[in-house]
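Colleague: These are the residues of each chain, in order.
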Amino acid sequence: MSGDHTSPDDADGLLEQIADSALDDDYYVVRAGEPEPARSFNTPLAAAVLGLFALMVTVTAVQTATNRPATEREQRALAQDVALRRSITTDRRDTVDSLRAAVRDLSATAGRDVPDSDALRATTAAVAVRGPGVRITIAPSASDGGRGEVSDSDLQVLVNALWFVGAEAISVNDQRVGTLTSIRTAGEAITVNYASISPPYTIRAIGDVGPLRDRFVASRLGRDWQARADSTDLEFDIIAVTDQRLRAIDEERSQIIHAETAEDVS
Amino acid sequence: MIPVLGVVIGVTIGLLLQPSVPVVLQPYLPIAVIAALDAVVGALRALGERRFDDRVFVVSFISNVLIAAFMVFLGDQLGVGAQLSTGVVVVLGIRIFANAAAIRRRIFHA
Chain A
0 MSGDHTSPDD
10 ADGLLEQIAD
20 SALDDDYYVV
30 RAGEPEPARS
40 FNTPLAAAVL
50 GLFALMVTVT
60 AVQTATNRPA
70 TEREQRALAQ
80 DVALRRSITT
90 DRRDTVDSLR
100 AAVRDLSATA
110 GRDVPDSDAL
120 RATTAAVAVR
130 GPGVRITIAP
140 SASDGGRGEV
150 SDSDLQVLVN
160 ALWFVGAEAI
170 SVNDQRVGTL
180 TSIRTAGEAI
190 TVNYASISPP
200 YTIRAIGDVG
210 PLRDRFVASR
220 LGRDWQARAD
230 STDLEFDIIA
240 VTDQRLRAID
250 EERSQIIHAE
260 TAEDVS
Chain B
0 MIPVLGVVIG
10 VTIGLLLQPS
20 VPVVLQPYLP
30 IAVIAALDAV
40 VGALRALGER
50 RFDDRVFVVS
60 FISNVLIAAF
70 MVFLGDQLGV
80 GAQLSTGVVV
90 VLGIRIFANA
100 AAIRRRIFHA
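The listed protein sequences derive, respectively, from chains A and B.
Per numbering that gives the first Met the number 0, the very first residue in the first sequence carries number 0; after that it's consecutive.
Per numbering that gives the first Met the number 0, the very first residue in the second sequence carries number 0; after that it's consecutive.
The set of hints was computed from the structure by calculation and includes no laboratory data.
Note that beta-carbon positions come from the ideal geometry of N, C-alpha and C, so glycine has one too.
Please note: incorrect hints may appear among the correct ones.
[What the hints assert, rightly or not] Ranges of calculated distance between the beta carbons of each label pair, as one might list FRET restraints:
1. A:Val-81 x B:Phe-69: 35 to 45 Å
2. A:Leu-44 x B:Arg-104: 23 to 33 Å
3. A:Ala-69 x B:Phe-69: 26 to 36 Å
Bound conformation, chain A alone (with noise of 0.2 Å):
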């Protein structure tokens, strides 16, 4: 690559070499062949590899001009593009959250609009309840022949008692009674809600807690238990409770199907 001004040798690095051998060595091999230049700049040749060079030149300018405006209207339309989005992000942000104040609105008047939906609720024991009433407790013994044993009916006619003395609601060993519930034995066991309950029994109530207790303790059924009570080993209390709690009824003890509100049937 060295040209003959220059040794390699003589160059101290390799830009430097390049810099002394700029010029192409093939023009001084001509010219040390041929002495006098028998070629001008002026001819044909010259001028054709000059015209393609401006052509090389005037091509990639006009490529560069024309493809910038190309980028640049790219960019601008991926610009418009993402705010056009982020807009559209923001207005469905704001529908969401329009959508959610609404919904809290909604969801806060929705009992209301039907009228003493709690107190359905309460009733029909689809909800948990809390408040004063009594608590009867009934431990059976098996020893004193069929008296000191509790059966299903005694159970049923019990909770019908309490429902007639006052009871709002009324629960067996927890199993809430509610409009599906069933008092009935199973084999050995008695079932409340097809939940197999055993002794003791424990009956919580609750309704006002002295008219509750003293007529339920003065009926027949309630001097009837007591007279059980005195006479075997059964064991029979009743409590009043200031605040006691029962459970809501399980959920598939309180699904309807068939049944249908008759709206025109008042």
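Position chain B against the provided structure of chain A, taking the given hints into account.
Modeller: Frame of chain A; chain B shown alone:
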């Protein structure tokens, strides 16, 4: 005056026709232009030193352009297109500056 005519014709054709370079060749065009510029500046220096030869000019021009384009192409295939382009530009740039300096010296100090 023929070379000037050639330049004018080249510029005119480029401006009038505005030929669009194929996308495949677009990366090579700037490097090719730099290589061509090197050949042109070298030719000008040779002209000043009375060594000019149009045959050498043509050969150096075409070979410069082709080799530069080929190196960029090779670099692209090897995944070092940008680095190789930089190398080509650096080397050609040094040559252009050196030749331009020689011309400048001849004009102003000779």
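Colleague: Each of the hints needs a verdict: does it hold here or not?
Modeller: Evaluation of the provided hints:
1. A:Val-81 x B:Phe-69: 35 to 45 Å: 41 Å, holds
2. A:Leu-44 x B:Arg-104: 23 to 33 Å: 28 Å, holds
3. A:Ala-69 x B:Phe-69: 26 to 36 Å: 28 Å Cβ-Cβ, so the 26 to 36 Å window holds.
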